[in-house]
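Protein chains in written order, with my numbering: chain A, 1 to 405; chain B, 1 to 405.
Please keep in mind that the hints were generated in silico from the structure rather than gathered at the bench. One thing to keep in mind: the hints can contain errors.
Claimed, not checked - Heads up, simulated BS3-like pairs for lysine-lysine below, C-alpha to C-alpha not over 30 Å straight-line:
| # | chain 1 | residue 1 | chain 2 | residue 2 |
| --- | --- | --- | --- | --- |
| 1 | A | Lys117 | A | Lys145 |
| 2 | B | Lys189 | A | Lys48 |
| 3 | A | Lys202 | A | Lys189 |
| 4 | B | Lys48 | A | Lys48 |
| 5 | B | Lys3 | A | Lys48 |
| 6 | A | Lys145 | B | Lys99 |
| 7 | A | Lys117 | B | Lys189 |
| 8 | B | Lys202 | A | Lys48 |
| 9 | A | Lys251 | B | Lys251 |
| 10 | B | Lys145 | B | Lys163 |
| 11 | B | Lys251 | A | Lys202 |
| 12 | A | Lys3 | B | Lys202 |
| 13 | B | Lys117 | A | Lys189 |
| 14 | B | Lys117 | B | Lys99 |
There are 2 protein chains.
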Amino acid sequence: MIKAEIIAVGSELLSPFRIDTNSLYLTRSLEERGIRITAKSVVGDDLKQIAHAFSIAFDRSDVILCTGGLGPTVDDLTRDALAEYLGVPLILNESVLQKIERRFAERNIRMPEINRKQAMVPQGAIPLENHLGTAPGIFMETHGKQVFLLPGVPFEMEPMWEKYGLPLLRTGEPFQRQVFRIAMMPESKVDEMLQPVTQTLKETEYTILASPAEIEIHLLAPHHARAELMEASSNIRRILGNRIFAEELVKLEEVVARLLRGFNQTVSVAESCTGGLLGHRLTQIPGSSHYFERGVIVYSNASKNQLLQIPYELIEQHGAVSAPIAVTMAEQIRFLSRSDYGIGITGIAGPDGGTPQKPVGLVYVALADLHVTRVEKYHFPQDRERIKFMAPQDALNLLRLRLIE
Amino acid sequence: MIKAEIIAVGSELLSPFRIDTNSLYLTRSLEERGIRITAKSVVGDDLKQIAHAFSIAFDRSDVILCTGGLGPTVDDLTRDALAEYLGVPLILNESVLQKIERRFAERNIRMPEINRKQAMVPQGAIPLENHLGTAPGIFMETHGKQVFLLPGVPFEMEPMWEKYGLPLLRTGEPFQRQVFRIAMMPESKVDEMLQPVTQTLKETEYTILASPAEIEIHLLAPHHARAELMEASSNIRRILGNRIFAEELVKLEEVVARLLRGFNQTVSVAESCTGGLLGHRLTQIPGSSHYFERGVIVYSNASKNQLLQIPYELIEQHGAVSAPIAVTMAEQIRFLSRSDYGIGITGIAGPDGGTPQKPVGLVYVALADLHVTRVEKYHFPQDRERIKFMAPQDALNLLRLRLIE
Chain A
1 MIKAEIIAVG SELLSPFRID TNSLYLTRSL EERGIRITAK SVVGDDLKQI AHAFSIAFDR
61 SDVILCTGGL GPTVDDLTRD ALAEYLGVPL ILNESVLQKI ERRFAERNIR MPEINRKQAM
121 VPQGAIPLEN HLGTAPGIFM ETHGKQVFLL PGVPFEMEPM WEKYGLPLLR TGEPFQRQVF
181 RIAMMPESKV DEMLQPVTQT LKETEYTILA SPAEIEIHLL APHHARAELM EASSNIRRIL
241 GNRIFAEELV KLEEVVARLL RGFNQTVSVA ESCTGGLLGH RLTQIPGSSH YFERGVIVYS
301 NASKNQLLQI PYELIEQHGA VSAPIAVTMA EQIRFLSRSD YGIGITGIAG PDGGTPQKPV
361 GLVYVALADL HVTRVEKYHF PQDRERIKFM APQDALNLLR LRLIE
Chain B
1 MIKAEIIAVG SELLSPFRID TNSLYLTRSL EERGIRITAK SVVGDDLKQI AHAFSIAFDR
61 SDVILCTGGL GPTVDDLTRD ALAEYLGVPL ILNESVLQKI ERRFAERNIR MPEINRKQAM
121 VPQGAIPLEN HLGTAPGIFM ETHGKQVFLL PGVPFEMEPM WEKYGLPLLR TGEPFQRQVF
181 RIAMMPESKV DEMLQPVTQT LKETEYTILA SPAEIEIHLL APHHARAELM EASSNIRRIL
241 GNRIFAEELV KLEEVVARLL RGFNQTVSVA ESCTGGLLGH RLTQIPGSSH YFERGVIVYS
301 NASKNQLLQI PYELIEQHGA VSAPIAVTMA EQIRFLSRSD YGIGITGIAG PDGGTPQKPV
361 GLVYVALADL HVTRVEKYHF PQDRERIKFM APQDALNLLR LRLIE
């Protein structure tokens with residue numbers, strides 16, 4: 001197995017405010033090429049510490065990826081540290097220098113003297129081009145190890161890695177990944193349902209990731225076990241059926257948006273406890289004006305009456321948080337907006353306002369179309385943010401299921 | 001200077017999906033006590049690798065904090081790795097064992113045999129109690145170093161650290177921190193305005209952190225330089241004045257909510273391009289029904305006409321994205337909802353729908369009260385998500401400034 005290690009350089013990554021996230025991107029890129037990350041480390045802008053990190057990495061890993069510390073300032077020491085650790089000199093690379101000078105010239109700026117430093121390359125190393133910044137990367141193959149120095153800015157690092165780093169990487173057997181996304185099911189339930197599939201896997205790695213009201217399943221298999229991956233995938237499709245809302249990393253609202261646009265249909269929403277979050281999610285997708293007509297956030301009873309023409313008597317009779325009110329909200333917003341679908345959400349987000357009969361977390365979600373109105377009653381966990389997130393998630397999922405019926 | 005190092009143990013932290021965030025919390029806690037983190041590392045659930053991480057840490061740091069790998073499964077190897085590195089045996093701690101057994105007994109479950117492992121403590125170490133899980137922590141002082149083993153679950157780790165870890169920590173001179181939060185100003189502008197203050201700082205560390213439409217300033221000073229910190233703080237207050245919306249880590253909507261409740265006033269909103277996000281943010285705060293009356297998401301012209309009684313002629317005359325429409329939205333929602341304040345937002349979130357006269361990113365934000373309506377015109381950067389975030393941020397800030405006038 002090829003072992004890789006990531007070193008993130010930068011004192012800000014040792015502060016309480018910033019964290020290295022480049023390594024997630026790189027880990028994913030390497031895993032798909034059959035290389036596993038076996039260690040990660042973070043060190044500050046300190047020559048000795050960076051050189052020490054290189055010595056540890058050369059000791060235990062085959063591939064070393066280092067991000068950050070390639071800028072022009074005195075704090076940028078990654079090049080120097082690598083050269084120092086390897087005992088090789090830094091040599092001015094004329095072609096790199098010209099590229100940096102040209103970058104400045106294009107903006108009608110004279111290159112500051114300090115930027116010369118970025119053209120210094122450890123003897124024996126190959127510079128990697130940077131189309132989006134001045135800091136070139138560096139590749140070096142030495143002592144049987146592959147070393148990549150990359151910029152710390154993700155926006156510069158990622159394209160450089162894709163274009164110039166990856167082609168140089170000695171890869172293992174490539175891996176193939178399959179993703180499934182599922183809404184509104186608990187992790188334990190999904191895990192249990194999939195056990196007949198996942199417990200027989202031999203070479204395919206199964207990961208289940210839970211975030212609120214959303215489960216993500218990853219299967220990862222080496223190329224030679226593709227058949228196993230494909231069989232497992234089709235079994236998962238059979239077991240979970242339309243509970244799977246996507247097989248790629250898209251959000252639920254994006255799937256709903258595609259379906260609505262595909263059918264040339266529209267939706268409007270009437271929200272109470274969710275305060276506009278459903279409208280916000282539906283309008284996060286470019287082109288949302290094609291399918292989203294309007295929304296009302298009817299927090300007070302007066303607003304339910306005036307914006308949706310819901311009689312005060314009906315509210316008094318059932319209470320604002322009730323199935324009949326959710327149904328009427330959905331039907332009225334659909335009717336008044338002349339949309340194909342209407343959604344109504346009413347509930348108690350807390351922390352106050354709950355009663356024994358109607359506790360915090362009680363939410364009704366209704367979906368109306370021309371023919372029928374469905375309403376679901378939920379008792380979500382008693383956490384305001386989560387209640388606000390889960391109710392729109394449920395509404396989107398109901399709409400999705402209705403659209404694919 | 002006391003040097004500290006954090007080791008995060010767990011194979012999931014080497015996957016493309018999970019990242020160590022415990023270290024941010026610990027870094028902050030240590031910094032306030034005069035201890036700086038000089039390195040961080042992540043290793044998988046592998047005895048040799050964890051032991052190797054300890055050997056590196058003992059080599060270069062005075063305080064070693066290690067999170068994760070304290071559970072009962074075969075994958076939980078942190079205790080074993082520390083004992084192996086130090087060459088000491090693991091000894092069953094009867095008192096810890098009793099506590100774990102009691103935890104299970106309280107839930108009427110017999111303790112599984114594997115959990116005995118969690119009562120094993122390296123010779124010479126002190127167990128740290130865990131009120132929220134079975135995994136006790138471990139403290140050890142050896143070779144002049146302080147070592148803390150803590151659980152990986154933040155929910156268990158943080159209280160254990162506060163209650164049992166911190167009191168054992170040999171601290172340096174404590175630090176004092178001052179925070180300022182500022183909305184709707186560019187980082188470079190804030191930084192420039194503060195230069196007269198920040199450039200004369202001798203012992204106080206100044207950090208400026210930018211996130212979309214929000215700037216955070218941190219001053220950190222050792223106890224003996226408190227006077228400098230306090231002087232710098234009062235100078236910053238003088239320079240930035242009411243642009244500072246908070247001196248603690250609260251969100252802008254929370255500040256607005258406090259002000260509205262303090263004055264016993266209400267707000268209603270009419271949103272177009274922001275699709276409900278302003279309503280969502282205003283209703284994120286517990287008790288929002290005290291100050292939030294209603295919202296309308298008037299995406300279509302028909303909805304602007306029907307929900308806000310805006311004449312079609314006015315929309316045709318000026319266009320839906322215009323100052324007069326934003327003003328009318330704010331005034332009408334205020335009037336119809338009988339709220340003290342009305343907010344109107346209209347703009348072009350893109351990526352489509354822009355014209356040379358009205359490009360993507362053009363947004364009008366209006367705030368109406370009984371006496372006056374103000375409208376601001378913005379040209380936000382052309383990124384849908386950012387436009388959607390910045391317009392509500394601006395609206396909240398306008399309302400805040402009006403409330404403190």
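With the threshold set at 30 Å, check whether the alpha-carbon distance from A:Lys117 to A:Lys145 stays at or below it.
Answer holds: A:Lys117 to A:Lys145 is near 25 Å, not above 30 Å.
Does B:Lys145 pair with B:Lys163 here, judged by a C-alpha cut-off of 30 Å?
Satisfied, since the Cα-Cα distance of roughly 20 Å is no more than 30 Å.
Would you mind confirming whether the straight-line C-alpha gap from B:Lys202 to A:Lys48 stays at or under 30 Å?
Satisfied, since the Cα-Cα distance of roughly 26 Å is no more than 30 Å.
Given hint B:Lys189 paired with A:Lys117 - CA-CA distance at most 30 Å:
Since the Cα atoms of A:Lys117 and B:Lys189 sit roughly 29 Å apart, the hinted pair holds (cutoff 30 Å).
Need the status of pair A:Lys145, B:Lys99: alpha-carbon distance at most 30 Å?
Distance of about 49 Å is beyond 30 Å: violated.
Holds or violated: are the alpha carbons of B:Lys117 and B:Lys99 at most 30 Å from each other?
Since the Cα atoms of B:Lys117 and B:Lys99 sit roughly 13 Å apart, the hinted pair holds (cutoff 30 Å).
Agreement of B:Lys3 and A:Lys48 with the hint, judged by alpha carbon distance not exceeding 30 Å
At roughly 15 Å apart (the allowed maximum being 30 Å), A:Lys48 and B:Lys3 satisfy the hint.
B:Lys48 and A:Lys48 were given as a pair; does the straight-line alpha-carbon distance stay at or below 30 Å?
Holds. B:Lys48 to A:Lys48 sits at ~25 Å (cutoff 30 Å).
B:Lys251 and A:Lys202: Cα distance at most 30 Å?
Not satisfied, since the Cα-Cα distance of roughly 49 Å exceeds 30 Å.
Hint check: B:Lys117 vs A:Lys189, CA-CA at most 30 Å. Holds or violated?
29 Å, holds
A:Lys3 and B:Lys202 were given as a pair; does the straight-line alpha-carbon distance stay at or below 30 Å?
Violated - the C-alpha atoms of B:Lys202 and A:Lys3 are around 45 Å apart, more than 30 Å.
Could you grab the alpha-carbon distance between A:Lys251 and B:Lys251 and see if it respects the 30 Å cut-off?
26 Å, holds
Violated hints for the displayed structure, listed by number in ascending order: 2, 6, 11, 12.
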